[in-house]
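K.L.:
As a plain string of letters, each chain reads:
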Amino acid sequence: MANVKYVSASRVYAKDTPPAVNALDLDIQDGEFMVLVGPSGSGKTTALRMLAGLEPLDGGRVEIGDRDVTFVPPKDRDIAMVFQNYALYPQKTVADNMGFALKMQGVNKEERDRRVREAARLLDLDDSLLDRKPKQLSGGQRQRVAMGRAIVREPQVFLMDEPLSNLDAKLRVQTRSQIAELQHRLGITTVYVTHDQVEAMTMGHRVAVLSGGNLQQCASPRELYENPVNQFVAGFIGSPAMNLQTVPMVDGGVELANTVLPLPGPIQTAAKGAGLSELVLGIRPEHLHLANGAGELPGDVILVEELGADALLHVRLAGTDSPVVARAEGRRPPALGAHVTFSVQPDDMFAFHPVTGARLAG
Amino acid sequence: MTAATAAPIRTTSEDPRRRREMAGKVGWGVVAWVVSIAFFLPVLWMVITAFKPESAAETWPPQFVFRPTLSEFSLVFSGMGPYLTHSVIATIGSTILVLLLGVPASYALSVRPVKRWRDGLFFFISTKMLPIVAAIGPLYVIALKTHLLDSIWLLIILYTAMNLPLAIWMIRSFMLEVPSELLEAARLDGAGRIREITSVILPITTPGLVSTALICVIFAWNELFLALNLTITNAATMPMFLISSVPQEGLYIAHLSAAATVASIPVIIVGWIAQRSLVRGLSMGAIK
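Protein chains in written order, with our numbering: chain A, 1 to 362; chain B, 1001 to 1288.
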């Protein structure tokens, strides 16, 4: 059993500063691919390093396989880590790099060579590369060597710290699916840190969104997308980001673009219950439907981003300052400066508390 | 349709601005050459004089045309044997000791710093602030009492002490360049402290260690003051040999030049081989 548990784990760097990781509670199942995602400074890398044993805990504990490893040195935790910059030993060959941990463990040479060759095969690394030094390899090859170094150890948990961030865009997309497929094949519990929400959504069984050291929400990608628990998660997950506007409450709904938008009942109840006179309205770009003149929300197109299959329209709605983004058909998008109208379904609207950011009802 | 008029391309000799730039560059180039030649001239003169017979050495006006001879060199070679041996032993011995002690010390002051590493570092540098003239009295007494006067071991110990602070600062700055991710990866792989040093840090910092060793060699080889005051025959080094070529009776310029040339050759060779890493090593110590 290689489940991972963070139990109220905390890390504070300097006294009287906010914690880098604040009492994190996270349960990762055996064989699960858990992604820790968040902006810079959210504490995701610190949380990973706490699991690795590279950062001490200032509170709480970490468990691997139901064993408290809070004070166990990194090499005894039966983990393997892939670093952002690969951290390959520059003076060693690829084979020596991959076999170094096994050498430290006292594994004999034949066994080491066998496991290195097997990992290389798994990662599509040619045998001829095994005798080269890291500086003779391409970025993608180095990344695979770093992964091979982790695989060879057959650990209980894989830790990955933004392993794709140094690859070019195309290679990143390709490697993304390879990593996901590899994890599925090996079935090893994986904790993966990234700032890229697309990686998080496509790779993880579950995604933990962190911000400012606090866990915002931990759920499947679909659940995060359809039921964000607060404004931060709603705005972070989904590309392009959800449109968020502070709007005043009026009779029957909210006022946006000089129109009254009716709110679903539960949201209205929750808003009234909290005594709010305004709230933050969230509508995803694909839920703003272009209606030829018949829509409730009028606006002017100030920018058209053509993506081929879709077009992203940046529209300034009547009576608002900040533009909203709407997704439209790629074939014949409205022209720059055109006057357009949108319709939106009440069920597609999200509402958040203007101060706390918490989701209202739903 | 009129043809578009593009700005004419002017050659260097036509464009006044570029001409001024070139003049500036040439001017500074000339200054650099003049200064370099001025610094090099005494050394050049020394080497030329080494090939002169004594009679042609100290003449006025100075002779540039003469029949070169190796007679002074053979005199030098016949006398310098023991001095050379002592210099080699003291230099190499102290440099090896410096490296053996300096690497763990730098490790303890950089990669895995001890609690009061700043104080430790400052202490090392402070030993270089003391003028050696002030220390020679106590050093002499200690050497006398421990029966180490005029012993090669004394020189090895003292040269080690002399070079260790500089070596620690240099090695430390090279160790700090090792990416911390690499050390963390080694920790995760199960490398203990010794393995961390031998398998990860030393291979990466080898160029830095070489340049440190070369600097220590240069300083130990050229050291005069301690050798002069604490040795007489059994451990006398090359600089002492040079001094002995300046007798009371008069200046044997050709002989002195030959001796100085021979004494300089090892250090010049060492410096030539290591010039790039020397510059890097010296400037690294200054910046970090």
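Watch out, some of these pointers could steer you wrong.
[Claimed, not checked] Some but not every residue of chain B turned toward chain A, in silico, with C-beta under 8 Å:
id, residue
1, Gly1137
2, Pro1179
3, Glu1181
4, Glu1184
5, Arg1187
6, Leu1188
7, Asp1189
8, Ala1191
9, Val1200
10, Ile1204
11, Pro1207
Simulated from the structure, these hints should not be mistaken for lab results. Virtual Cβ for every residue (Gly too), placed ideally from N, Cα, C.
K.L.:
Please go over all the hints and tell whether each is borne out by the structure.
P.N.:
Here is what the structure says about each hint:
1. Gly1137: violated, 48 Å
2. Pro1179: holds, 7 Å
3. Glu1181: holds, 4 Å
4. Glu1184: Holds: closest Cβ of chain A sits about 5 Å from glutamate 1184/B, inside 8 Å.
5. Arg1187: Interface hint status for arginine 1187/B: holds (5 Å vs cutoff 8 Å).
6. Leu1188: Holds. Min distance 5 Å.
7. Asp1189: holds, 4 Å
8. Ala1191: This hint holds: alanine 1191/B lies near chain A, its Cβ roughly 6 Å from the closest one there, short of 8 Å.
9. Val1200: holds, 6 Å
10. Ile1204: It holds, given that the least Cβ distance between isoleucine 1204/B and chain A is near 6 Å, below 8 Å.
11. Pro1207: violated, 11 Å
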